[in-house]
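Peer 1: Heads up: the sequence lines are chains L and E, in that order. Numbers 1 to 518, taken from our numbering, label the letters of the first sequence in order. Numbers 1001 to 1158, taken from our numbering, label the letters of the second sequence in order.
Be aware that a few hints might be false.
[What the hints assert, rightly or not] Lysine-lysine pairs mimicking DSSO-like chemistry, simulated, CA-CA at most 30 Å apart:
#1 E:K1153 to L:K222
#2 E:K1053 to L:K222
#3 L:K113 to L:K356
#4 E:K1051 to E:K1041
#5 L:K113 to L:K512
#6 E:K1053 to L:K356
#7 L:K343 to L:K103
#8 E:K1067 to L:K356
These are calculated hints, taken from the structure and not from any lab test.
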Amino acid sequence: MGDMSHSGIDRMKENLKALKKTVVGSFVRIGRPTSDRSRAAVMFNNFFLHVQGVKTHVNTLRPGYTLGLGLVSFFLLLITVISGVLLMIYYNPSIENAYNSVKDITYVVFAGKLARNMHKWAGEGMILFVLMHMARVFYTGSYKNGREFNWLIGIVLLIITFGINLSGYMLPWDQLSYWALVIVANIIQSPKEITDSLGITRYFDIGGFSKELFLGGLTPGKESLTRIYLFHIMLFPIFLFMFLGAHFWRIRKDGGLTKPENFEPTTADAEMLTLPKKRGGIFSTNKTYGLMELARGKTPAVDKDIENTVLSWPNLLLAEAAVFFLCLAAVVVYSFYINAPLKELANPLIPENPAKAPWYFLGLQELLSYSAFMGGVGLPGLALLGLALIPYLDREQSHVGIWFSGRQGKAVALRAAAVGAMVLIALLVFVINFGWFRNWWPNVPQLLITLINPGNLWVGFMIAWSFIVIRKTGSTRMGAIALFSLFLVSYVILTYVGTELRGPNWGFFWSKSQWPVH
Amino acid sequence: MNSETQNKEGVSRRDFLSTASIGMVVLSALSVFAGLFRMSKPNVRFEEATKFKIGKAENFPVGTVKKLDDKGVFIFSTDEGLHAISSVCTHLGCIVAISDTGFQCPCHGSKYDENGKVIGGPAPRNLAWLEISRSVDGSLMVDTSSAVPAGTKLKLIA
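Next up, chain L with everything else stripped away, as it sits in the complex (with noise of 0.2 Å):
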């Protein structure tokens, strides 16, 4: 009392002095990494860790069973999602300004075309590796053992990356963003297809209304470019990340990724799994700290496989940190070298010849070619829900974690898809040789192609097949992988065929070297 170095004066010197400790104190309440004990405060005391358990089991850090694929999928994500906002500095959605507002980004802003070329690339790789993650958790087996729902979570995320990189090619309102929402837009209208047919349009108009419902009128102009600004930074990215959030919280909840039932620790795991030399403390050295793993679901630290886990905190971390600037630098290096395509301004006169999508969508346009309600609505509608219900269909709860489910599937998966490739080939084959109804007899009523064309018999074929196979085999696993190769082939193949050898007016080229000069 009274005692001048007990100041209130002195007190706030003292604080200022131990400033630096005190705010890093607060931040990291835990403390340096350094026991195991504080490892494992570091996750779950940390909002952006807490969604990891604080031990990862060995099979989830094996590169050769998730390949990483989900996680560059996210990273992917982030980069665009940083990219897109310096584009948004620049860039003005107005159809008087937009193409010239991208001119600046990629000509005249300081590292515009570096920050363009890798939103462009990081939004398609994340589609190519969003279906690879995809293919890898369907081989696995991973939808089952109650993630059927998550599966369904990740099918509502492929659709939004598809609809994020589809808006986002329109934004530039160059020749492809123009003539892409001119197709999109009619394919919208596409279910005309139906009820011209039927003879009901003049009363119930639903493609016409959701045409003019998506482009804000009848034909596309500045309203259209308002509404899919809108989509591409506000509704689909709003979801997006909400659907992302549950999809991770659930892979929590079911206690980490997936794994084999009967998991055996190889020799090189057993290294990281040695437990080190207990130094003093009260509590052994196999504790595990995180109680919130107690709280509900096959956590590892109620589960039987307690054993095989090791501390996310280093192990998990480094390797996500590994894959996070592997991913970042192969973006930056591919932007460096490869530029986002700009077309001519948009000029609603002149069509391009072909007039190509992207190519994550040239497959689509393959069977648009056929019809363009099946092609752009029917079988794309088809696919997503036979995906959507693979998950409930084969509820086998054998084999979780095991690649193709053992030897068998991976059997029925190679046929699958090598008697798939020789199908769909001749399929298309005998359609660029020879045509369709519409060639051979003019006068066809347009219900019997809707309901009548290639693509439709290959889907057919695809279903049929897989019957066989579950019925060969007894078991709608091995249905659901042949279904699922077939898919992954169809879109393989139908993708190639429409980006490589199809040229002015849809026809067919072996390569674009021969495509007449127009």
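Based on the hints, put chain E in the right spot on chain L.
Peer 2: This is chain E only, laid out in the frame that chain L set:
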């Protein structure tokens, strides 16, 4: 016991009221949803009128075809008169070009004969024939929103 609380007819007052109130909630939610859609459907369209003048008949000498690119229409002038055929492909809305056999679409390869009838490719409908009318000042008008049966021609009084 009060007879009203007894479940005589199968549906109690409580069940009826709760079902009715849930129904009202669903109904209101649906009407809000419908309102959202209605709001997105513009009351004013900032685009060109579908009806436009194409000038006097003398501008279209017999035997010529004029392509009005920005309007999406071909004007054919033949001995029997004038007719207008839409140049918007019925498949996915690309602009068709005149080819040896009629019309051809660059986007997905739809083919039409010289009367706009589909002869190949994915197009679900024939190209529309559009109404040509005479305006009071003597010039001709085309309405792209008004289709007429194929073969309808505007006779020119020479």
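Peer 1: It remains to establish, for every hint, whether it holds in the given structure.
Peer 2: Structure-based check of each hint:
no., hint, result
1, E:K1153 to L:K222, "violated (36 Å)"
2, E:K1053 to L:K222, "holds (24 Å)"
3, L:K113 to L:K356, "holds (23 Å)"
4, E:K1051 to E:K1041, "holds (22 Å)"
5, L:K113 to L:K512, "holds (27 Å)"
6, E:K1053 to L:K356, "violated (34 Å)"
7, L:K343 to L:K103, "holds (10 Å)"
8, E:K1067 to L:K356, "holds (24 Å)"
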